[in-house]
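Undergrad: Take a look at the letters that make up each chain.
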Amino acid sequence: MVSFNVLVLVALLYVAFLFFVAFLAERRAERGKSAWLRTSVVYTLSLSIYCTAWTFYGAVGYAARSGLEYLTIYLGPTLVMVGWWWVLRRLVRIGRTQRITSLADLISSRYGKSTALGVLATFIAVVTATPYLALQLQSVTLSLAVFVGSEGRQWGADELNSAALWVAGGLALFTVAFGTRNLDANERHHGIVIAIAVEAVVKLAALLAVGIFVVWGVAGGVGPTLSLIDASPISQWDQSAGRWVGLTFVAGAAFLCLPRMFQVLVVENSDERHLATASWAFPLYLMLMSLFVVPIAVVGLNVMPAGSNPDLFVLTVPLAEGRNGLAILSFLGGFSSATSMVIVATIALATMVSNHIVVPIWLRQTRRGAVMSGDVRYVVLLARRLSILGVLGLGYIYFRLSGGGTALAAIGLISFTGVVQVLPAMIGGIFWRGSTRVGAAAGMTIGFVIWAWTLFLPSFGADAVVPQAVLDAGPWGIAWLRPQALFGVSGMDPLLHAIFWSLALNALAFFAGSVLSFPTPMERLQGAQFVNVFEHSADTRTWTRSTAEAEDLLIMAQRILGATEAQTLFQSEAARQGKTGYLPDVTPGFVDRLEREMAGSVGAATAHAMMGQLVQGANVSVEDLIAVADEAAQILEYSNRLEAKSAEQDRTARALREANEKLTALSIQKDAFLSQISHELRTPMTSIRAFSEILRDGGPSRNEAAKFAGIIHNEAQRLTRLLDDLLDLSVLENGQVTLSPSLGTLRDLLDQAVAATGAEASVLRIVRRRADEAVALSTDLDRLTQVFINLIANAQKYCDAPAPELRIDVRRVGAQTVVDFIDNGHGIETASQQVIFEKFSRLSDQRKAGGAGLGLAISREIMGRLGGAISYLPGQGGAAFRVVLPGPDALAAE
Amino acid sequence: MMRLPPTPVFLARSTYRQRRMRDVLRSLPVVGAVLMALPLMWPGSGPDAISLSHVLIYLFALWAVMILATFVVVRWLRPDPSPADDAPPPVDGAV
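Residue numbers (this note's numbering), protein chains in the order written: chain F, 1 to 894; chain X, 1 to 95.
For reference, chain X alone in the conformation it holds in the complex (with noise of 0.2 Å):
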């Protein structure tokens, strides 16, 4: 007889994967601005000069792939719950 995985263990591993998704959105922005930042240290001139079709090629495929990813985060992340209209319920038995 097959023994199915008690429950909780599942919940609490997909709740600890949301954990982990929300961190890999915060940290999303913060390795975005640094590898924006990267071609500033490209040499300019000189032998080793990078022309700006490589640096404008660069720009947007970093551009695409941040896109990406967010997009497949988002698309693992549970909506949180959002608050509900301002209005309270309506209770019913009003004399």
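For reference, chain F alone in the conformation it holds in the complex (with noise of 0.2 Å):
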């Protein structure tokens, strides 16, 4: 007997583990050291999730229900994984090249990017999935009812509903904690991974161990266990046909189709080869996880009390052996199953509720769409964390009502039979360019009525939901509608039943919808890149030309990607198309390459509906479904081989274009400049010589003299100014400048650079957080000082806002450390973002600037001698300046 508290203490001290698990995993990931993370192993053992509580304990009962027919669970995806090479290979690919998010992101970008389709595939996955998320709960509330009673107690109906009410919440904060840190889908969620794969090493060996036991422990060895399962009451091999082959190809449909294998064996894959690995690996795993089921299941009638649930065998034959370390180990095991699916199948549902539910309606709502104030990734997650707890409060509703009882293996197959409604769509989708949005959403809303009607709603019983009288008769007494014999097939089995005609009519309606419509552009061209995902991966075009403004672009994206990333990417496009600085040109393949990577975060229809509101052009041109057409394909791999020449040619000349620009600005400044610079020396010139001519001819009075003297003693301080900046830049361009570096923290120069510029006292409000400026370094400080002054200056000079506010973030992007400033006035135009950290350059009127325009020139050198770097940020709002701050061996290398 094994008291009810300890199993709780066990319970608790090893989800803490798992916690643990996940947590360290996470922070190895964000310290880029990932690769053992992602392992092919590791992606085998989360694929393991398709084994769930319904395999653990469930399988045993059905075995001794019906034989070797649970075995058909696992042969089925055994031969999906065997043959990878047809379709499990495709399906990565393409969730690799377009980003896809979930099974409906795929079918609606199949689709030409359908809201609607979406809509209807996620509302089949959660309604098929809210049984079996239930299951899960319920298995682990029995198996817990199971040690109760072990006790000698009894749990009632209460107990019941509130054990299964905690484990929700407790599944829910997990999911909440690891499944949302990161928007993208497709950075994946590590931590969730590896303790996906701890908890399959658990259950296997939870099975396993049970498994020797009752074979070793129990029956006495091999050959006496083969002469017991040939003894007892499952011994006749009379094994339906029908539902052999039926059930084989529904759990293998299931397989591919079932949102949460969806999410771990495509959305988590980081390399192909893992497939390769996986379609052999995970035949095993399956092997020995069915392996001693049948084993389990004799002795468990044999040795329990007639009337005893097969289903709890697993957990009840160690128990009755006085096993108790054995029977916590399997409480684990099962416990591990049912966590495990009903994290990443909620995952998986909050990702589709949110992408194609939530966010679109969102956008909707609020009309001004991409160019909206608020932050679009905060709603989104926020979205995705609410989707989380629905989709499980579902499972926790649907348990109350359904009140368990049902064997666990009848709810499974259900939930299998409603979703693989998507297959015919998807498999079309990948293989078939001739299927459309009509045919698709045709296919899946006759199959998933369907499977309603002659499977899901029977299933609460007779008169529950569906009268007793129409089972008979068939609704308003029309024999043919009879939801257990349709059009008048009579005798087949129930499940048999609803399989055939779901899977045939929506197969039916599917090809004939798509046969008799027309496909819009968008489609055709999703569909050809679906399709020959393995001819030509090279992206088409979906935008050809666009009237968007890159820094439009940037202010959505880092909306949605966050900060750091969006700069990233837009800076490497920068860097690609041969130019500096954070914005690009504004290219039909660039508009291309961001939508995708905003769809790895929000789904390829609502990245594509928002890109679609900044850029206004014409989206598909006739030159890009020529590309499409199978006869063009020559003509585009030639036009490809052009254009990677006539890329490479295009980048110099825009680097040309922009250094000739450059230079001819520049020559226009320093023309402006000699002239500013002569007047600059001119005016205290002028009046340095009028008062000393004054004094020198003597004449006024003792106090005009001491005020004369005072204002020729600052004009020489002016021009001592000015030329010392001169002399300071001529000093650091030629490289002639000593540095002498010390130690000293961030925060200190922060200090010294806003005392020093006396902003405290002024009408510049500075935002900082201390706290991220807890930055040792290791630098000239009084150079760098300099630098944080000039722009703390700048802010002061240039802010044009009524309030003027300059926030200054400290931050760390990748292994820099940056610091940015940021005022909120109207910022600067992007033509002068050019050319401002030129020496001579100033952009307003010179009376208020006061100074010579050299500032910036002078911070860049700095920084160039430092190690580090400054550089304009678009996009923020106002004016904001970006400084690298130097690494730890950026001095030792002068």
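Please keep in mind that the hints were generated in silico from the structure rather than gathered at the bench.
Here's a subset of chain F near chain X, in silico, CB distances under 7 Å, partners left out: (1) 75; (2) 79; (3) 82; (4) 83; (5) 85; (6) 226; (7) 229; (8) 235; (9) 237; (10) 276; (11) 280; (12) 284; (13) 287; (14) 294.
Note that the structure is a prediction, hence the values are computed from the model and not measured.
Backbone N, C-alpha and C define an ideal beta-carbon position, used for all residues, glycine too.
Both chains come to you apart, so use the hints to assemble them.
TA: See below:
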């Protein structure tokens, strides 16, 4: 006998261990040491969420009721895995190239990024997954109840319900904590995948341990076990061929169509080679999982009193034999199976619900669309968290309503049959270019309705939803609509009947709808990309010309991808085009790339809609459609080659053009500066000369003489300052400067700089997060402070907001620490951003500035000398400068 | 003096082998499915009735053979060139 409290303690310790493992994995991944988290072993183990509590407990019950039929549930996926070259390889490649986030996203993306299809697929997924989630809650509570029962107490409905609520709450917490850290579904969930891999090992070990105990400990070896099997009530081999083939097929198909399997198979896949390993390793896992099922069932039927629930033999047999340790291990195995499935299924469903239902509705509500204020990223994350709670809540409600009781296997099979309704649209979509949105919608709708009518609704029992009279005579007495004898096909096994009719009519409607309708250009483009994913993975263009400004795109991208990611993306694209800075030219290729990156976060349909609001060009052109046509494949290849060549020339030309523009601008600026500098030098000179002449000639009173001398002194100082600046710059530029490195913290430097500019007393409000500023520095601190002073002083001078404010953000980007100085003024025009770091450049009226326009040029030289960098950061609202602090070794290299 | 065989023959042969290995891989699920359905044709009752334990052993043996076959073929298979990261390679020489 195991005390219930001990059991709860063990379970809690186990959960704490899982939290710890997940946390550790996330930490390592953040530090970029994620290689070991992403091996093919971990990938294979993560696939094991196919084996839920249904496998762990239900398979034995299934075997005790219907003999070997349970094997079909594992043979189907085995065939799919062994045949990975056919379907899975294609799915994974498509998932990677198109940045697919979920099953609904695949369907929506394939059929022209259709929002409606995404909603439909999401709806089917949620409805079919709900009973399955309830099933997991039920199995955990039932297994707890077994231990309570062994203490001699009996749990009533209230205790079962509250236990289920606790389990659901704990799972929600775990999933929210580790499942919604990253927005980008393509940024994989390291913590969760590792936790699931650990759970996969635990459940396999538990089931094997119980099996070994049963065969060698109870039955007395392999030979006696086999004779026990042949003497058992299930020894007759009279398997219905229809069910055998039908169930194998449904299990294989469900393996592809279950949202959670799609999540681990396709979305979390980080390397296609892992699939090759999993193709034999996962069937091996399945085989080991089902190896001891029949022995456990037979021994259970033998030793347990008649009428005991065969679904719980895995627990009750060790308990009855007095093996408490084994029973606890077995409980943990069942717990692992249930929790890992719930976590992944919830994440997959929450991604679908937030990307295909919540965000589109929210976008429509706010109207202003992509350029609205506020953080889209935050909304999506919140939607995802709420969806997790919602999905788990649905599972719990179903658990309460159904009240348990139905055999585990029955619920599982109903769920499988429902989810498989996506299969024709999915397989058709990736193999057949002729499939269309209309066909997919028709097939999925009809299949789902028939599934609900023939299997799902009757599963609640006669008179629960569907009255007995309708079951017997059909609705309104129409006999050929009877749920379990559609079109007069009576006498068929109800499950097989439902599988046959739903899939047959689904496929027929899909085919007919596709053949009779005409696809939109976007559908045809996407269809070509999906079907020919191995021939030309190169992206076809869906945007041809665009009126969008790079800065607008950056603002939108920052709200969805996050500031750092978006800036990195824009920077790398600009570098690819041969430009410096953060704003690349808005080419159709770039717009496509950006859309695909965003699709990784919010799904293809939403990303496309948001881009559409900014990029108002015609999105598919005749040329693009020609590229799709097969006959044009050769032309396409030829033009691709030409394009590759001309891309290189494009880059050079762009670089030259940019350099030329810069030179022209500089030359104009230089001319302006020369007249400027002579003016700057002359003005003080004039006053100095005039006043000194007055003094020389005598005449002014003593008071006046002092005043004149003061003016002369001030003007001389101004001259000195100007000459100092010029000298400083020339010294820096010629590399004659000697740096004196010392140690200090960033916070002290910023304090000094703020004090030196007198910014504390001025109208400019400075917003800092002092906690972030505890960065140790080893560099020339005086020089660095000079740069900070310059930037703060600039904000004081030029920030034109009514309540000027300067935000100083310190953050890490990759291995570097950057300091962003962002004010709330109206910023610097894109055209001017190119030249502000050049000498003598000054944008506004020079009187107001009171300097010669050398500050930023000096700052840039200093940062270059120190081994850091300074650049203008567009798209922040106001003027923003980013200082990249020198790394620890920067000075050593000098 | 020994003459080495010209390399193109060897290369073509290996490419040819790769193709056939893929064909084997494609055929595996089909063969497996047929063999899995085979026990359905065995008599369940009557004088030649087959016992459940025999079916069980047959199915698990078949399973093991399929796993082994896939393992061997996958080991032979050269990895497909996987698409590089979506990000295009950075270009040096930016002005």
